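Keeping their order, the protein sequence lines are chains E and Y. 200 is the number of the first residue of the first sequence in my numbering; add one for each residue after it. 200 is the number of the first residue of the second sequence in my numbering; add one for each residue after it.
Any given hint could be a false lead.
Heads up, the list lumps identical chains together, so a pair's fine if it works in one copy or across two of them.
[As the list claims (entries may be wrong)] Listed next, the in silico DSSO-like pairs over lysine-lysine satisfying Cα-Cα at most 30 Å (straight line):
no.: 1; residue 1: K233; residue 2: K442
no.: 2; residue 1: K344; residue 2: K437
no.: 3; residue 1: K278; residue 2: K661
no.: 4; residue 1: K372; residue 2: K487
no.: 5; residue 1: K304; residue 2: K222
no.: 6; residue 1: K256; residue 2: K512
no.: 7; residue 1: K512; residue 2: K251
no.: 8; residue 1: K576; residue 2: K593
no.: 9; residue 1: K233; residue 2: K633
no.: 10; residue 1: K256; residue 2: K505
no.: 11; residue 1: K487; residue 2: K256
no.: 12; residue 1: K512; residue 2: K258
no.: 13; residue 1: K321; residue 2: K233
no.: 14; residue 1: K604; residue 2: K662
To be clear, the hints were calculated from the coordinates, so they are not data collected in a lab. Everything numeric in this text was worked out from a predicted model, so none of it was measured.
Protein chains: 2
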Amino acid sequence: MIKNNRITSRDDDFAQWYTDIVKQAHLASYTSVKGCIVFEPYAYAIWENMQKVLDDKFKATGHENVYMPMFIPESLLKKEGEHVEGFAPEVAWVTHGGSNPLDEKLCVRPTSETLFCEYYSKVVNSYRDLPKLCNQWCSVVRWEKNTRPFLRTREFLWQEGHTIHETAEEAEKETYQMLNIYKDLFENYLAIPVVVGKKTEKEKFAGAEYTLTIEALMYDGISLQSATSHYFGQKFSKPFDVKFTDRNNQLSYAYQTSWGTTSRMIGAVIMVHGDDNGLVLPPRIAPKQAVIVTIKNTDEVLNTAKSLEDELKQAGVRVFTDNSDKSAGFKFAEHEMKGVPIRVEIGPRDLAEGKVVLARRDTNEKVTCDLKEVKDKVITLLDDIHNNMFDTAKKRNESKTYVCKTFEEAREIINTKPGFIKAMWCGDQECELKMKELRGMKSRCIPFEEEHLSDTCVVCGKKAKHMVYWGIQY
Amino acid sequence: MIKNNRITSRDDDFAQWYTDIVKQAHLASYTSVKGCIVFEPYAYAIWENMQKVLDDKFKATGHENVYMPMFIPESLLKKEGEHVEGFAPEVAWVTHGGSNPLDEKLCVRPTSETLFCEYYSKVVNSYRDLPKLCNQWCSVVRWEKNTRPFLRTREFLWQEGHTIHETAEEAEKETYQMLNIYKDLFENYLAIPVVVGKKTEKEKFAGAEYTLTIEALMYDGISLQSATSHYFGQKFSKPFDVKFTDRNNQLSYAYQTSWGTTSRMIGAVIMVHGDDNGLVLPPRIAPKQAVIVTIKNTDEVLNTAKSLEDELKQAGVRVFTDNSDKSAGFKFAEHEMKGVPIRVEIGPRDLAEGKVVLARRDTNEKVTCDLKEVKDKVITLLDDIHNNMFDTAKKRNESKTYVCKTFEEAREIINTKPGFIKAMWCGDQECELKMKELRGMKSRCIPFEEEHLSDTCVVCGKKAKHMVYWGIQY
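All chains, please: the whole structure from these sequences, using the hints.
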């Protein structure tokens with residue numbers, strides 16, 4: 200394999216390595232608006248593949264897409280108290296239309312609970328109108344101070360599902376169902392293992408009864424909140440007057456959920472799988488799953504490349520050919536940087552023996568393969584690569600997950616080898632705040648599958664209520 | 200057919216009829232932000248089908264999707280003089296992030312030429328980097344005074360393609376190619392015949408060398424500018440410094456195009472095809488192409504409905520079953536309102552003879568059909584319906600297109616029976632402005648296929664240069 204010297208090593212300077220990949224793999228470009236990026240074609244194609252997976256799953260579970268305005272009047276944002284408190288400090292305000300000041304300022308949506316509630320309050324009358332299962336794909340704006348491509352930008356792409364239901368039970372079921380869809384996306388398409396659980400009161404969404412989350416661990420041991428699903432109960436439906444006539448002919452307020460994930464998933468894919476040669480893309484969301492590289496452009500090589508490309512396309516593989524006149528080494532490095540899962544090398548010498556070389560991006564292994572077997576081998580390899588990428592990340596997560604029984608242990612770990620810390624917690628917010636003194640570490644979640652690590656809280660030593668995953672976050 | 204009395208007749212009050220359909224077919228809901236609507240699930244599903252058709256065609260012609268920020272700094276918007284003049288009066292301005300005033304105000308994109316130019320200026324160095332063929336799906340904002348669902352809203356959905364090329368010739372070819380894709384979408388998917396041509400200098404896009412357009416005529420004889428494709432030459436690339444080293448090793452400015460169409464297409468579909476019973480959807484973009492309605496829910500009827508639904512789905516028809524316990528008449532009216540192209544009625548009496556009834560939405564015709572033949576019949580019928588809808592609209596357009604040789608003729612026509620007016624024009628803007636005195640009529644375009652109607656301008660009587668389509672516009 201050609202060593203790629205264009206980017207910083209991830210072990211030397213992870214942040215610079217990330218920035219190098221974003222630039223060299225042509226994922227994002229900076230703009231003259233601070234904190235806003237251009238999603239370049241390659242990143243957007245990855246996003247479209249993620250969208251497709253989710254959108255199909257949303258529709259298969261009965262959800263419909265809608266589009267709400269991007270503007271929210273100040274008075275509407277203010278209707279639910281915790282919600283406005285959570286978001287008002289970081290919204291962008293539109294104050295003028297053309298040269299005229301507006302009667303009421305409008306914020307650019309940071310999230311759309313308020314708009315969905317306003318809509319539902321108009322169209323729902325009876326329990327027969329329920330559930331309403333809507334989703335929207337759009338961008339939202341949060342005026343963040345510190346930004347980083349994909350991970351934290353002032354405008355980002357996302358989807359937000361908003362549903363209302365007749366009963367609490369049904370809404371809670373939805374909340375869990377949608378979290379599972381995200382887990383499925385992460386593990387079975389992005390090859391990223393996640394911890395699933397519930398946020399603490401302190402870390403839940405502004406206005407939710409509770410928030411479920413999937414949490415992933417990056418290569419550098421920093422966690423990333425990757426998708427969330429919120430149960431609102433009637434906390435929004437009451438102030439927004441979303442009510443319906445129930446089966447007993449009584450007026451009732453609807454039970455509500457919302458759930459979302461964002462373009463930061465692209466950042467997660469970079470930071471979980473990438474290496475010192477660039478991106479490593481999970482095959483199921485890679486815009487191109489295989490590249491056929493011609494080593495020398497003889498007629499025979501070119502013809503073989505063409506017929507192999509046709510054969511693989513026929514089989515449903517997203518494949519393209521690079522028969523440019525650049526050197527083989529240069530071409531290899533290019534497609535490695537872009538993380539194409541499989542490279543098929545066709546050169547005159549191998550071809551004389553009816554063979555080509557298959558190189559996999561995840562392990563850099565090369566195998567020689569009979570031309571006749573390429574199609575089957577590529578298809579098998581795509582699954583193998585996915586599984587290996589998932590296993591590698593999972594093993595790394597395990598090696599970076601530490602059990603801490605005392606505050607001092609937690610301090611030692613987080614200062615020397617960041618990762619997930621598993622520790623018992625009494626349930627008091629004070630102890631949560633105390634943990635934050637350790638490099639800003641936060642509770643990631645109370646996992647659905649709690650372990651009994653000890654009887655006492657890692658901070659105060661009082662009786663423990665829960666096992667919690669903790670970590671520094673992006 | 201059950202007469203639907205819930206909506207105003209389109210011949211009595213076209214504007215009210217339109218509003219009634221938007222509401223009754225659950226296409227859009229108003230919001231507390233003036234001029235912004237909710238795209239309800241049914242409208243959004245129509246939009247997704249339109250998107251799919253276009254997106255496939257864009258990709259098949261080598262275009263890639265990207266995403267640009269929604270904000271444009273004032274200084275960036277101002278770089279091209281005509282452009283800022285055209286848009287600044289109608290943009291929304293963001294002046295605050297959180298509680299802090301911004302250093303420079305940002306407009307919410309009314310269109311993204313400026314952002315694409317900024318991006319291209321960074322990533323293009325050599326002719327080898329060209330062409331760049333990008334498109335983006337997003338919403339844009341224009342602070343309009345008078346708004347109407349889908350036709351003119353302050354925020355609307357659209358796509359905007361922005362390409363840069365090595366030569367003028369190649370860019371111009373692109374400009375025409377993309378217009379043809381829009382024509383294809385309108386005629387072969389939306390069943391809406393269009394006039395294709397070039398905008399006059401007065402009506403071209405702010406900053407373009409020239410603008411190509413497709414123009415459609417609504418049921419009421421009012422025209423709708425339906426999609427445009429602009430050739431910019433180097434008008435943006437110079438102020439934005441989008442230059443490259445050409446094949447002669449000289450620095451050259453890139454040649455540019457942009458092209459777009461919007462969610463007003465949904466309005467066009469309503470206003471071209473709808474009738475007094477509601478929407479009539481063109482089969483190729485209808486979210487549901489056929490509905491199976493059970494007349495009476497006997498076991499046999501329900502089982503037949505189920506197996507027919509499976510069979511049709513298998514054949515690729517977007518079909519669903521309405522076996523609710525509402526009356527058959529009520530169900531018919533519902534699906535007529537929503538414009539479902541084909542209704543399959545299954546009742547015990549017909550079924551005893553192995554038959555069902557097929558009703559087509561466009562003509563209201565009903566035919567009895569052998570159960571065994573339903574699948575083939577439905578597939579044929581979908582094409583028949585498309586063709587009939589197109590022909591009906593085309594005939595209506597022809598009957599509403601008038602040749603006028605004098606200004607008085609034009610006045611008479613536009614006051615008594617609006618439609619397209621074909622008339623000769625000397626090329627002077629003064630005469631164009633004079634025509635505008637007739638109910639605000641504007642030039643729609645100089646068609647690609649001009650006819651020689653007379654030697655003299657319809658307004659001033661001087662020598663004519665062009666034949667022009669004129670009309671009142673939405």
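The hints, checked one at a time:
no.	hint	result
1	K233 with K442	between (42 Å within a copy, 24 Å between copies)
2	K344 with K437	neither (33 Å within a copy, 34 Å between copies)
3	K278 with K661	neither (39 Å within a copy, 64 Å between copies)
4	K372 with K487	between (36 Å within a copy, 29 Å between copies)
5	K304 with K222	between (37 Å within a copy, 28 Å between copies)
6	K256 with K512	both (25 Å within a copy, 18 Å between copies)
7	K512 with K251	both (19 Å within a copy, 21 Å between copies)
8	K576 with K593	within (25 Å within a copy, 54 Å between copies)
9	K233 with K633	neither (33 Å within a copy, 47 Å between copies)
10	K256 with K505	between (35 Å within a copy, 23 Å between copies)
11	K487 with K256	both (22 Å within a copy, 19 Å between copies)
12	K512 with K258	both (27 Å within a copy, 16 Å between copies)
13	K321 with K233	between (38 Å within a copy, 16 Å between copies)
14	K604 with K662	within (13 Å within a copy, 94 Å between copies)
Comparing the model with each numbered hint stated earlier shows that hints 2, 3 and 9 do not hold.
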